[in-house]
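Counting with our numbering, you get residues 1 to 182 for the letters of the sequence shown.
If you're looking for bench data, these hints aren't it; they were derived computationally from the structure.
Check the hints yourself; a few may be wrong.
Said to hold, decoys possible - Listed next, with one range per pair, are the computed distances between beta-carbon atoms:
1) 38 <-> 150: 35 to 41 angstroms
2) 96 <-> 116: 29 to 35 angstroms
3) 16 <-> 65: 28 to 34 angstroms
4) 39 <-> 152: 31 to 37 angstroms
5) 19 <-> 131: 31 to 37 angstroms
6) 54 <-> 16: 31 to 37 angstroms
7) 129 <-> 99: 17 to 23 angstroms
Ideal placement from N, C-alpha and C gives every residue a C-beta, glycine not left out.
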Amino acid sequence: METRVRLEPWGDGDFWLLERKNEPAMTAHLGGPETPEKLVDRQRRYEALSAREPSAGRMFRVVLEPSGESVGSVGFWEREWRGEPVYEAGWGVLPEFQGRGLAVAALTELLAYVRVHGTRDSVHAFPGTDHPASNAVCRRAGFENLGDVDFEYPPGVPHPSIDWRHRVGRRPATTPQAGPMP
């Protein structure tokens, strides 16, 4: 049976999902739960990111088809990595929905979105070397393992991670079409 999900833009009604993703089981590989103030700030940043032009990045709520249940989140954002403009991706699936291929399905949908709307050549993910499930998601979604790196997450805290890259190809920047000559 094929696992199907759809991505819905992050909105003001999705704070409950951030609260669920902030539980200790969901943050064990991310430095632990954030304070309520940091969650409010994260919600603001997710909404702001999803209000920008599509090539800047997006956060999405992951919805299971056909039930319509919200099962997690996935997103991408701009960053510089080793002197190159790239996108970084992140995701999380709620514990009761894990082990069903939903993270791979969500990441696959995200990559399809980036191929259409993105302007950068590649998407990177940096799961910890101690997180076999997220590394398996990258492998199953077609990312290339570029090797071990010390990646800061949370910021200022280096964590042994794996640099995974998926090349999506750069779309040419669109230029406004000139109107007819007067």
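Going down the list of hints, with the structure as the test:
1. 38 <-> 150: 35 to 41 angstroms: violated (23 angstroms)
2. 96 <-> 116: 29 to 35 angstroms: Holds: the Cβ-Cβ distance is about 31 angstroms, inside 29 to 35 angstroms.
3. 16 <-> 65: 28 to 34 angstroms: Violated: the Cβ-Cβ distance is about 20 angstroms, outside 28 to 34 angstroms.
4. 39 <-> 152: 31 to 37 angstroms: Violated, since residue 39 and residue 152 (Cβ atoms, about 20 angstroms apart) do not stay within the stated range.
5. 19 <-> 131: 31 to 37 angstroms: violated (22 angstroms)
6. 54 <-> 16: 31 to 37 angstroms: violated (25 angstroms)
7. 129 <-> 99: 17 to 23 angstroms: Given a distance of about 21 angstroms, which is inside 17 to 23 angstroms, the answer is holds.
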